[in-house]
Amino acid sequence: MLVENIKAEFNLYKNQAEKSDFFLKREEAFAEFEKVGFPTTKNEEWKYTNLKNITNQSFQSTCESTIETELMLSHAFLKELTANKLVFVNGSFRPELSTIIETDESIVISTLAKAKTAHSELFNKHFGKYAPIEGQGLNAMNTALLSDGAFIYVPNNKTVTNPVIIVNIADSTDVNVLCQPRNLIIVEKSASLTLVETFYAVGNNPSFTNVVNEVYANENAHIEHYKIQNQEGESYHNNFTQIFQEANTNINHVTLTLSGTLVRNNLHFFMNGQNCNSLLYGLYMPHGTELVDNHTRVDHAFPNCHSDELYKGIMMDKSVAVFNGKIMVHLDAQKTNAYQRNQNILLSNEATVNTKPQLEIFADDVKCTHGATIGQLDEEPMFYLRSRGIPADVARKMLLNAFADDIAERIKIPELVELLEQEIEKKI
Amino acid sequence: MLSIKNLKAEIEGKKILNGLNLEVKAGEVHAIMGPNGAGKSTLSAVLAGRADYEVTEGTVDFDGKDLLELSPEDRAREGVFLAFQYPIEIPGVSNTNFLKTAINEKRKYQGLEPMEATDFLKMMREKMELVEMDKSLTSRSLNEGFSGGEKKRNEIFQMAMLEPKLGILDETDSGLDIDALRLVSEGVNKLRNKERSFIVITHYQRLLDYIVPDFVHVLYKGRIVKSGDASLAKELEEKGYDWIKQEVEANS
Ligand SMILES: Nc1ncnc2c1ncn2[C@@H]1O[C@H](COP(=O)(O)OP(=O)(O)O)[C@@H](O)[C@H]1O
Ligand SMILES: [Mg+2]
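Order-wise, the sequence lines are chains A and B. Going by this note's numbering, the letters in the first sequence line up with residues 68 to 495, in that order. Going by this note's numbering, the letters in the second sequence line up with residues 1282 to 1533, in that order.
There could be a bad hint or two in this list.
Unchecked claim - Quick list of in silico lysine-lysine cross-link-like pairs, DSBU-like style, CA-CA up to 35 Å:
#: 1; chain 1: A; residue 1: K146; chain 2: B; residue 2: K1381
#: 2; chain 1: B; residue 1: K1432; chain 2: A; residue 2: K493
#: 3; chain 1: A; residue 1: K479; chain 2: A; residue 2: K493
#: 4; chain 1: A; residue 1: K464; chain 2: B; residue 2: K1289
#: 5; chain 1: B; residue 1: K1432; chain 2: A; residue 2: K494
#: 6; chain 1: A; residue 1: K479; chain 2: B; residue 2: K1381
Bear in mind the hints are in silico, worked out from the structure with no lab data behind them.
If we strip away everything but chain B, and leave its shape as in the complex, we get (with noise of 0.2 Å):
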């Protein structure tokens, strides 16, 4: 589904990604894992579009097609959909609205007439119910006056909304308290199925023991420089990203 090789990006001339490789099949739950600074928001975001990240060298193929060369739009239409680790507040665009607007720009795209009133509403519930979303927040501009656990269960409750075929979640679990992780993490793990991808980044274990992964990398100075299953993860909260930095020095 997704295919990342030797992917080099930079900002203001500084490099972040050095040469990142990653395979993401479907049906995977891939981990991403690293110190701060490692360059895990920046591959989100340089997989989602954002245009202030240059790509310098290496290619990303989602599905056949060069996500590269692909708008934002164009690739969440195409089903990549990236849970910030940040999501911004926008004073007055209406929860509602803002989703309608989407699934039916996406429905357009595939050729699909705009979604019934009802069928869409129908829909706003079942979805809302996932994450346990107050019905009140729906009807208030987007994110707006949202608390930190708010805003990511609405980026989950978006994710459900529109149906990705690859959900990117940025370090999702950060700012949660431990029952606000559970219930974002279940939502999640409704999400899964055969066809559906997630890459899931965090700083902390804490959050594979809900989402348990398939596959762990840890990504550190622009690169994925160890991979292995969920265990890896559990070694890592024990040991740290000391010894990780330890061996690439070496290595290097």
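Chain A extracted, bound-state conformation (with noise of 0.2 Å):
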């Protein structure tokens, strides 16, 4: 049992450490941990993701890692990208296996472990201000105790050159492995950053990846941030990203999740100034039995402010999808614009997509439209692509990727818009 796990990996922790700031924040989290526990189908957030495949599981963290890992590098997606990698095996920093372009001194690329002493500062100002651990078992279980992860600082008007990508890998050869990584990611004013978060799985033995993030955009921030979630075999996932936004900023969000046993996705984004822009865009094609759930959150707190949510679904198989887009406006957030859209195709008549917008407006000067859609590829574009002699296999592609294009043209990497590409051909 997973709960027994992560217990006793606590106490083992508890033992050794020395009884500093992030020590106390860590036993306060792992005390909420054992308050709340895992969320079970009880609870309205989790009704349609059943987590106990992965509960009556044992987990272990581990920093050891096999030649898959180094198989799995060498064809890793992006590879070919000229960009700042940041490499992470089992929730360890594999400092040989990454690279750090970035010539301006003033940008700190490096880990979490490392920014604890040498940022300390930073860190404290920080460091679990955003991603809430109450009544939120899966967040106290990381901050308790998070293996490592990335530490981004962009100080003020300054443009991180080329992309930030952050590889986790999960590598179960030996073992049921349970990764935690925790990002922390900070943009100051006038600053931008494009990151890019992937995930692999290597290994025959399940994994469980746990990740919190957490995003703080300080005004007139600019973020570019993708996710891609690639991780075969039996692998579980859930990520909570929280995303704050100070006055003025722009983030735009997109979530490819193309492989997975079961990945459940967090997004919050709490807007704390006027003429925000948030953007949060995200594609999933399950197959197999594959479970993708995509929980997203908007907070609206003030004035001005847009937001614009697309959510794209292709189901094969008996695979489930859920959907749950919540958009908080509250009182004092007049003018605000809040779209959201969930659009599915059913590939397969055994797939299933629980699709749930839910809006809470407390002010009354807002636009705010959402909708959903589930269906079939459609019948009329398929025999008109067939009547020309484009084959019934070739016209279904076509089409699958013109439903794709939507989230495909929300990314500004060159390169990760291919790949989507050649995933989608791959995957259909």
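Take the two lone chains and join them into the complex the hints point to.
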């Protein structure tokens, strides 16, 4: 049972740790974890996503990795892209596999473990301030026992020239592995960053990746944030990303879920000032019995902000998708523009989609729309293409690519767009 | 080239084609006219292979092949082209990519190599001129945001690119102003040759002033009830369809 593994691991850690502020924070998180435990389907937020296949198994944290990891890295996505790369294997940083090409020394592209001492002021100011642990068993578990993760700091007016890629590999060749990456991203005033998170899994044992991201965007900051989840084999994934936006910030977030036994994404935006722009896009294409669950929340707490959300699903076999998009328009958030859509294509009669928009609007002068569709690939365009001599299977691919195009066009890294097209080609 | 015998078809149990006969020889242009609801679009859809329609009786021979046995894509690759009455929009599929795929799939079917990119672009340019298609339209998504006239022109442009043996135009004239009508007709006329045949479906005689047919047929209640030469179209223009309807009722 996972809960016992976690308790044992924490006790081990407790006996060795020095009693710093950081330790106290983790102890507090552990107490919260003990109190609330893992979410169950009785919890409305987890109604369709049952974690029992995770919680009934044993997992352990390990920094061991095997040759499989190197094999994976040799054909990992975006290998050719000119970028800063931070590689984490089973949650541990691997400097020999990582490369930092950024030359501006005021920009920090490092790890959480290092930043804790090297940038303690920044660390203490931001760590644990955005991702809540109260009532959030999985966040509490991450905080209590996090392995390591990226620490990125972009000072005022700076632009990180090339993207930063955080490569996460779960290597379960030898054991059932638990990875708990924890990333802290701080982008200061008028600074900008392009961030890519990629997730892979190797090995035949199950793996469980439990990520917490805290992203702080100071005034006028601009962040492009892409997440690519491609964990094959028996791999479970939970991701909590909290983006905290000050005034005039612009954040574009795209989540691509290509593979994973169970993937739960919790993507939360909080707008803490006027004129924020929050863009949330996602594409998932589960097959077999995979489950993909996207829970998003956008808090419009100030006036004159804009959010746009579009999640699209291509559902194969007996896969299941869950979409829950919550938009909270606070009392003072007049002139809010918030849009949300979830569109699904079922390529199989046995696939299931549970979709639910949740708008809670307390201001009166707002523009909010939402909509969800679930259906088969339309017959009309199919026939049109076929009537021009295009065989059914080619026509189908063209139409699914067209469907995915709405998301692909939100991606500003051409290599990533290309990769997405190849993956669609491969999956369908 | 095309031989339709006693064709009967229905949709959702509703009989629409009731024993239709039509012979089209290579190089001929046949006009099919008839009141709304006569079954003109149904005939074109059945020939193109739309699955919604059930053929309950009859045969369609196309150059020695049983057309009804072929999938829609094989019919197209054998040389049937239908210019739709209502061309749909397909967002996310670019016009150019669509045409390149269609042409290369046809070539593959014929055992030919894909077309060279430069040849393809040259062909695009030539055929676009034929219907004075604006260059900017080809880089856009298929018919997305096109005006009614632009969509119809795009159908003829596609036909020019795919070089079919048999072109079926389903009310290509509807929704076109007089200039667009002339343009589209001239485009079609340039595609006429000794081998290529056309079935021109229209409600009005107007189009046939430009595309002069060899034969004119009247389709009514799912059958060809009258056939003649181009002068029949003129007669219909003057007298309307009522006299045909009366003739049919009187004979039945
Ligand atoms: N999908 C359909 N379902 C039911 N009836 C249809 C359908 N399509 C066409 N029809 C009917 O078939 C008849 C012939 O239609 P159509 O072939 O479109 O005529 P035309 O093109 O000559 O105006 C009409 O009565 C029409 O209502
Ligand atoms: Mg019609």
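How the hints compare with the structure:
1. Distance restraint check for A:K146 and B:K1381: the Cα-Cα separation of roughly 31 Å lies within the 35 Å cut-off, and the hinted pair is therefore satisfied.
2. Our distance criterion of 35 Å between C-alpha atoms is met by B:K1432 and A:K493, whose separation comes to about 33 Å.
3. For the suggested pair A:K479 and A:K493, the alpha carbons sit about 22 Å apart, so the restraint of at most 35 Å is met.
4. For the suggested pair A:K464 and B:K1289, the alpha carbons sit about 34 Å apart, so the restraint of at most 35 Å is met.
5. For the proposed pair B:K1432 and A:K494, the alpha carbon gap of about 33 Å is at most 35 Å, so the pair holds.
6. A threshold of 35 Å between alpha carbons decides the hint, and for A:K479 with B:K1381 the separation of about 26 Å falls inside it, so the pair holds.
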